[in-house]
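K.L.:
Single-letter residue listing:
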Amino acid sequence: MDKLKQEFTTLTLVLIPVAVAINLAVGQLVIALKLPLYLDSIGTVLVAALVGPWSGALTGVISSVIWTATGWFPQAIAWVGVAAVIGILAAAFKQGGWLDGPVKAGASGLITGIVAAFLSAPIAAYVFGGVTGTGTDVLVAAFSGTFGLDILGANMAQGVVSDPIDKLVTFLIVWALLRSLPVRLQARFSGEE
Amino acid sequence: MIRLAGVTYRYPRTEHPALQDIDLQVSAGEFVGLIGANGSGKSSLCLALSGFIPHFYKGRLEGEIEVAGHPVRETPLGTMAGAVGLVFQNPFNQISGARFTVREEVAFGLENMGVPPPEMASRVDTALAQTGLRDQAGHSPYALSGGQQQRLAIASVVVLRPRLFVLDEPTSQLDPVGTREVYAALRALVSEGGHTVVCATHKLEWLASFADRIVLLREGKMIADDHPRRVLTRPDLRSLGIAPTRYTAAALEAQRQGFRENRGGELPVTLDQAAAFFDGNQD
Amino acid sequence: MTSLTLFRPGKSGLHRLHPLTKLSISGFCLIASITLPDPWMVAGLYFFLMVPLAAWGGMARRFLIACVQFIGPFMLSLFPIQGFFGRGTTILFEIGRFSLKQEGLLLAADYTVRILAGLGAAMLLMFVTRPDHLMQALSERGFPRSLGYIVVTTLQILPRFQEKTQMILNAQRARGLETEGHLLHRARRLLPLVGPLIMGSIIDIDERAIALEARLFNHPGPKTSLHPLVDSRAQRITRSTLSGLIVLLVLWRLLGWLSP
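Chains as they are written, first to last, in our numbering: chain A, 739 to 931; chain B, 4 to 286; chain C, 2 to 261.
No lab work stands behind these hints, which were simulated from the structure alone. The structure displayed is predicted, hence computed values, not measured ones. Be aware that one or more of the hints could be misleading.
Stated by the list, open to error - Per label pair, the in silico range of CB-to-CB distance: (1) B:Ile226 x C:Gly222: 18 to 24 Å; (2) C:Arg142 x B:Ala8: 46 to 52 Å; (3) A:Asp838 x C:Ala61: 54 to 60 Å; (4) A:Thr872 x C:Gly177: 23 to 29 Å; (5) A:Thr872 x C:Arg142: 31 to 37 Å; (6) B:Arg249 x C:Met168: 55 to 61 Å; (7) C:Leu230 x B:Glu77: 50 to 56 Å.
Using N, Cα and C, we set each Cβ at its ideal position, and we do this for glycine too.
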């Protein structure tokens, strides 16, 4: 709990709403542009990298809550755990210096995406009977039909196709953002201030 | 009310000091204007007066700062914020975001202080009246114009009854209408009397009418601390990156073109003084 | 109040309930939708408790429309996927090498009714509860104020972000680029626009932090409210009862799963 308090300053407090707004606004934009990505965790990863795991996880959790509260994607709340895990993993990678270069950042994203896929699939399979009510269900049907996978397997397959790429792109975007942050903000967040 | 002694401050990761060896004393009830080119240290001084330097911006601070009876270095930010009301340039960033209506936004600070609801309600209504926002009380803060948002920032600070108001270029991001609105609100506030105000601005005409004195900064150092007319008629004003008031400029132009002789009196900085100057009566 | 959430103001008794009461009702319906063993019971919960509640709130029609809107896509996916690819042996008919199984359809129906009631409960809560009042109620009960602040602020600044992304979308549409071109091209075009959007919103957050401090957010001591929330003994009893029921339902179901 003390660690959380240390991590959480007034600056964190004003950063998180902006990060959540980024998650939702870019996520919606991607849907409107019909891209086969989510890009709904950029804010989560950014906060995780700038502040720490708990704040990153919190960003993910609140994003899920708001997707549900606005009625834009009511089922989002079921994956709240996954959203939190993405934040925690991103912070861990940052700590280990894995967000310092584009290749490492991309790899971190890939790994995070795979973990996310493995965590999301059972939720889709057991909470919602194997569907999410979105376009990716077509993929699930395709996997089931073509490969004879069971529901859980098909969800895994769909996840492993979409999630890693999505998170790879997300982590790369955050890497680029971190590099372009003005010096005074970098100083604040790295704890020098 | 304010006492700065030998204050030097460097932001983190910077060698060059933002403030150098500042000595300043302000008594309660005074209105002090703060002028200087961009980067001269006006904002840093405002932040130091409200405690954000050193508590928010860390960095290296030398010297003593005492504001409203609090030694700033030892006083936590929460307490400083109650004693010093800070308004800065960007109206949008000063909306807390925590409340859905203008009235509730103004009440936010009082709620955080634990003020009882009936007292809150009357203080909020007074603050709204003082800043001309009564009609907007039920609107969302984000639906207001820039000038209205800045007046909301002022109301949110006024309602806390701070002992000192610090304003860092309150109208520099506003259009002319917004600027007029904000200065009308500030004028109403100041004419109430009893408030200590430090206002950094480029609107010299305004300071000429209202300020008791003006402090001039250059590269973090205090160059002048004097009566407005004396500071604003300095010949080196332009070289310090400050344009003189239109009244001073007009008078200088008149002298240059030979319409008025340089009889050694002071140049005007307000409309009244300009009228007297052009009438041929020296002050 | 500009509403980003589902909330619509109203004068009904349901609206006037304390936010935590509404939260308990919703929570009860959600837990019940998961734990009740028989899908018919869940259907009963939906039609005989939740829809009447929506009617009491004066928004039965809006509620039903919203439910249809989200359950529709689910059903569209659920029935075929569970029907063709789920477990089961009772074949209803065949298409090529795929067979539609009765057990799959029944399972799909079970899921449908539970999702309907579960998510419906969440939506019902959001329809009749002002988010800031809910946060206020939670803060009074010990929830950290920071959390309430984050949620409410996000709801307020989100529309501004949406305006900006809408501008990006319109610009893409104006150039006919919206859905044209290879996926990779579309993604590549998007990124240089998203970058400045994000950067611009982070660049001056230290000012916002200063403004929050200036509002005495971190001032020590107890907090008060300009508009205290209205509560009653009857509601407190209702909440305790519902909480008790929730615990019972969960325990009952857990025991049911654990026993052979």
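K.L.:
Assuming the hint says 55 to 61 Å, is it satisfied by the Cβ distance from Arg249 (chain B) to Met168 (chain C) or not?
P.N.:
39 Å, violated
K.L.:
Given the hint of 23 to 29 Å, is the C-beta distance from Thr872 (chain A) to Gly177 (chain C) inside that range or not?
P.N.:
26 Å, holds
K.L.:
Starting from the range 50 to 56 Å, see whether the pair Leu230 (chain C) and Glu77 (chain B) falls in it by beta-carbon distance.
P.N.:
The hint (50 to 56 Å, Cβ to Cβ) is violated, given that Leu230 (chain C) and Glu77 (chain B) are roughly 38 Å apart.
K.L.:
Is the distance from the Cβ of Thr872 (chain A) to the Cβ of Arg142 (chain C) consistent with 31 to 37 Å?
P.N.:
35 Å, holds
K.L.:
Range first: 18 to 24 Å. Now tell me if the beta carbons of Ile226 (chain B) and Gly222 (chain C) are that far apart.
P.N.:
Since Ile226 (chain B) and Gly222 (chain C) have Cβ atoms about 43 Å apart, the given range 18 to 24 Å is violated.
K.L.:
Is 54 to 60 Å respected by the C-beta to C-beta distance linking Asp838 (chain A) and Ala61 (chain C)?
P.N.:
56 Å, holds
K.L.:
Taking the CB of Arg142 (chain C) and the CB of Ala8 (chain B), does the distance hold inside 46 to 52 Å?
P.N.:
48 Å, holds
Hints 1, 6, 7, counting from the list given before, are not met by this structure.
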